[in-house]
Amino acid sequence: MQPDFSATTDYEDGNTPDNTTPCHSSRQNMFIEHSCYSDRHTRNMRFRIATLAVLLACGFSALYAFQAHFRQYTGEEENPAPVPSDADERTEWTFARLRYPSGRYAGYSSEVGSWPTDFPKADRQFLAGVRRLTRIHTRSAEQVIDLVGDPNEIFNWPWVYAVEVGHWDLTEAQCKLLREYLARGGFLMVDDFHGTFEWEVFTQSMSRIFPDRQIVEIPDADPIFHTVYDLETRVQVPGLQYLYSGRVYEKDGKVPHWRGIYDDDGRVMVAMCFNQDDGDAWEHADNPQYETKYTSQAYRLGINYVIYSMTH
Amino acid sequence: MFEFLFKYPPAMFAKGKFVLLAPWPVWTLFLLLIAVAGGLFWFQRQRRSLLSNSRATIIWLVQTALIALLLLMLWHPALSVARLRPQQNVVAVLVDHSRSMGIADDGKPRLQNAEDLLNNQLIPDLSKRFQVRLYEFGRDAVRVDQAKNLVANDNATRIGDSLKHIAAEAGTMPLGAIVLLSDGGDNTGGIDRDAISQLRQLRVPVHTIGFGPDHFNKDIEIVDASVPARALPQSRVTARVAFRQHGFAGAKVKLTVRENGNPIAQQLVDLKPDAEQSETILFNTGEAGAHTFQVGIEPIEGEQNVQNNYVVRLVNVDKKKMRVLYMEGEPRWEFKFIRRAMEDDPSIELATLLRTTQNKNYVQGAEHDKFLQDGFPSKPQDLFQYDGLIIGSSEANYFSNAQQQMIRDFADKRGGGVLFLAGRFALSDGGYANTPMAEMMPLHLTAEKSFSRDFASVSLTDAGRESAICRIEDDAQKNLARWQKMPQVANYAVMGAPKPGAVVLMNVAEQGHRPTPLLAVQNYGRGRVGVFATSGSWRWKMLQDHTDKTHAIFWQQLMRWMVTETPGEVSSSTPRQVLPDDTNVPLRVSVRDKSYDTVSGAAVTTTISRPDGGSDTVELKPDPLEPGTYTGSYSADKPGTYIAETTARQDKTTFGDDAITFRREDGVAENFGAAQNKDLLEKLSNDTGGNYYTPSSAKRLPSEVAVSEAGITAHDNLDLWDMPILFLLVILIRGGEWLLRRKWGVV
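Taken in sequence, the protein lines are chains V and L.
For the first sequence, our numbering assigns the number 1 to the initial residue and increments by one for each residue that follows.
For the second sequence, our numbering assigns the number 313 to the initial residue and increments by one for each residue that follows.
Please note that a few of the clues may not be correct.
[Unchecked claim] List of simulated lysine-lysine pairs, BS3-like, C-alpha gap at most 25 Å: (1) L:LYS564 - L:LYS584; (2) L:LYS564 - L:LYS633; (3) L:LYS995 - L:LYS1011; (4) L:LYS682 - L:LYS906; (5) V:LYS176 - L:LYS861; (6) L:LYS682 - V:LYS176; (7) L:LYS725 - L:LYS691; (8) L:LYS797 - L:LYS329; (9) L:LYS672 - V:LYS293.
[Said to hold, decoys possible] Where chain V lies over chain L, by a calculated footprint (3+ residues, C-beta under 8 Å): (10) 320-332; (11) 638-645; (12) 852-858; (13) 912-920.
Just so you know, these hints were derived from the structure itself, not from any lab.
All C-beta atoms in this analysis are idealised placements derived from N, C-alpha and C, irrespective of residue type, glycine included.
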């Protein structure tokens, strides 16, 4: 069953489940009364069942606490790829992709949302690069961090990636979770969002995660651009549409920005690749038409960001 | 009774030698005995029809015993003893007049009891046969004319020094014996072997008379408190406090650490029935500077002596910034979170070297250490400028043989702290077995690879609960509760058993598996080595609220343990930082070069700042037996805190400097050990061939003191054949035979 992200956005407006509708007691309205009671009873039952399920899950978690295993999201994969043999191997790091709700901004991606853009091919292609170019112990398959289904799993993955955040629509609880995650030492890389409108959608959630912090341009001299590769000079990495349109930008996002949010100790917590599409560059690294210079930068930038998150 | 039966006091038998004075050889006695026994046996056999075999044998044995006794008496048994010739020997009588002798145990001060005993009994009795020389002693022995109006006012008791003084005088007089009247409260911690051996050489026995109860009925006394001599600012350190109690078993007392009279740490302790008990208490050292702490137990109602409830201890809190090098072989989360934890510690500078790719290193926190750009240091002078070293997941063969040896020397020779972490390229998994690094670890490595990425729970051992490294909360119970709720670590390596001398602080256990050591430490050479068999403690940060500081506190405390006692090129020390009523301060300085090789021929000078504001200079001399070590001494005449700053130079090279503090206290030593130290007095008398007496049994002393091989002596043979016990035995044996015969109907 596909998750109903739209239902979650109701709560944002302050609306709560309606369990205060008065039920009429007169005989004429017996049917209404019965309906009211049924609705309340059904909701109460669901709540109890959900609570019991949570308690059982907690119990199991306490008994068998472990990092979540690899899981496929068949039916949500935008660009399916073969599952590597080491998909379930426990390693120090792997590509942790955020599964978030798109809500009001689902648009063309309908109920699935935009979280699986380039998924899983981009993830696995990037992992291949990390395995070849660094000493990071990683497996060949990604890990999906499901903000809806299993939000607390995120704390086992101090580096996460979210794509197409110009279409994300986080709940208050999810914003609070991400704030806590980042405050504890987590790192969030966001990518592939373009133009004014998508920036505003992004910041609409981001500003609820950190209402007290500014988003700033990351200076060229920042260590994040020098952990493994020196990337003072950077180009705008386009998405696949570049092959058809000839434009390296999308919408009105003509100028690439590498922005970030810093913590109190001057460390980048959130790194934003705005007006660029590194995900596509990884995904189409094996496409002979996609230019090497974009692929190269995308890999270098991604590796720098991962190493940065593991050293700062 | 003994003397009635045996004619002479026990001391004579203890000191004398048994001899047979008859002109006939001893073998004739045995021959005669055998003949008589044989005769009696034949005689019994003739009369066998009257008794059974066994009864006849018994009668034969009894008769033989009687004949043997009579024959023995016939052979003139005697006791050969050396006895002091009357009026030709000197007996030195030493009376302790230290402050503890002023304690009135039964309404009368001990010194008064000693005076009374001397004047009413001992001196008159001794004077009949010997010349008596009277001394009062405390720090030293001083001759006095009479045992009258002595005052218990000496601040210290040095029995050994006083006895040496008397032994030195023995060369000018025939000293036959020494009588020591004291409560045994020696402040030097015991009588040195030098004093004992001098007396043994002279064969002068020391007879001791002990005053005071061997313990107070109701008292708590601090035996010792040990705290680290040095610490970094705002460090949590452990004070180990040993104390003894009498009369308060089961009571709850407050173990306290005070500074300037204010309590800075306190915990409740249950007093155990055993007399001596040891507890630990953790406290914060505060900011940089010389700190004086009072460590002890708050007095409780009914204590007879409250002056012995606290001791003073010094901690030198150094504001020096310590440097740690962390070598990591692969990017890991543990690396990130360790760096973050240490950013908040102003006393430790963490330099990190991370292998990000096969041929690239990422250096952080060591921008001035250019040698790190080429990788792990290859020269001792480069590595040894750090105070601590952490080795992460880096294959053993990444390090050359020379580097591996250098890592071992880092702890052994340099005196630094080394910590090994687990990982897929570390410990057993990294090929560390059979390397110099394995030899220095506190845990044995397993034969197989053992690194696992399964989550596992940690638990503190008993030692871990008391260790400052694992103390996240000040309160011990809260600390334990916190550890019991700790998130699991992300991985661990199965380690072998701890080595002798290693202390395991933490265990790890995956569900369904038995626990194995996780964190273990040990001293190694001049330094210390630890193994933390995980790289997954980062979950203590990520799985707890962002305000939780558990992870940071743990790592800061672990690193402080690594580096706080790491010496510099010049390292000074003194055996005791607090001198209770003592002036002598031995100084010892170690001088090393940048490779931490010993330096001979350096000019080592210590400048000592006195409490009155003045200063003195001491030039230290090389120790001939220990290259690189320089020694000297200083006399701290006035009470107060002293600061000793040492520099070492050779030609134009300055090796560095170091500072220590020490404190002279007055009027405190006698408050401790105020009960009679009977063990010391008994041992002193046993070691020198003397006897121990109580005031009530001291009346035997004048007769027993004559038994001595010192001074002018004569060997006397004291007859034993006429001992009443022998006549009694004859009657008993004969009477016994008659009773047996009567019982068996043959009389």
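Results for each hint:
no. : hint                 : result
1   : L:LYS564 - L:LYS584  : holds (10 Å)
2   : L:LYS564 - L:LYS633  : violated (41 Å)
3   : L:LYS995 - L:LYS1011 : holds (21 Å)
4   : L:LYS682 - L:LYS906  : holds (17 Å)
5   : V:LYS176 - L:LYS861  : holds (20 Å)
6   : L:LYS682 - V:LYS176  : violated (43 Å)
7   : L:LYS725 - L:LYS691  : holds (14 Å)
8   : L:LYS797 - L:LYS329  : violated (72 Å)
9   : L:LYS672 - V:LYS293  : holds (22 Å)
10  : 320-332              : violated (count 0)
11  : 638-645              : holds (count 5)
12  : 852-858              : holds (count 6)
13  : 912-920              : violated (count 0)
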